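Generate the whole structure from the sequences, applying the supplied hints.
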Amino acid sequence: MMHLHYKVAGGDFAGAGQASSQLKKVLKQLGVNPQIIKRAIIALYEAEVNIVAHANRGIIRIHITSDFVKIELDDEGPGIEDISKAMEKGFSTASDKVRSMGFGAGMGLPNIQANADSFTITSKQGVGTHLEITVQLR
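To convert a position in the sequence shown, counted from 1, into the working numbering, add 259.
Be careful, since some hints might not be right.
Unchecked claim - Using 30 Å as the maximum straight-line C-alpha spacing, the simulated DSBU-like pairs for lysine-lysine come out as follows:
(1) Lys-266 with Lys-283
(2) Lys-266 with Lys-356
(3) Lys-329 with Lys-283
Don't read these hints as lab results, they were simulated from the structure. As the structure is a computational prediction, the values presented were derived from the model and not from experiment.
This is the structure:
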């Protein structure tokens, strides 16, 4: 099993995507099917951008086996008030500043769910959010 670990700073849009870029390289080196790589990268990128857009900071842990990629993300931030509402396409609590940069369209969580084989999200108001994303590699 291979482990990757990243720290994400809230508001660092220039750094958003570093973890997903690294995961893409690793999965390519492992010879994973390009369609599966694409799904894993989309799910991770959306989650990574959510940390940057909404939280103070976060941690990404990626576990890669021959069968799957499991991605765990924990952030320290405001949390999600209503997860089922946040899962609706187009629903967003992004600030005007975030929207002006082309983010915050309300597609992040739906895109994660669409590209993951399993996806769980838990959140506590005023504490933060935990995501667990699994993509099967076979």
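Checked hints:
1. At roughly 17 Å between alpha-carbon atoms, Lys-266 and Lys-283 fall within 30 Å of each other, so this suggested pair holds.
2. A distance of roughly 23 Å separates the Cα atoms of Lys-266 and Lys-356; the hinted pair therefore holds under the 30 Å criterion.
3. At most 30 Å may separate the alpha-carbon atoms for a hinted pair to count; Lys-329 and Lys-283 meet this at roughly 14 Å.
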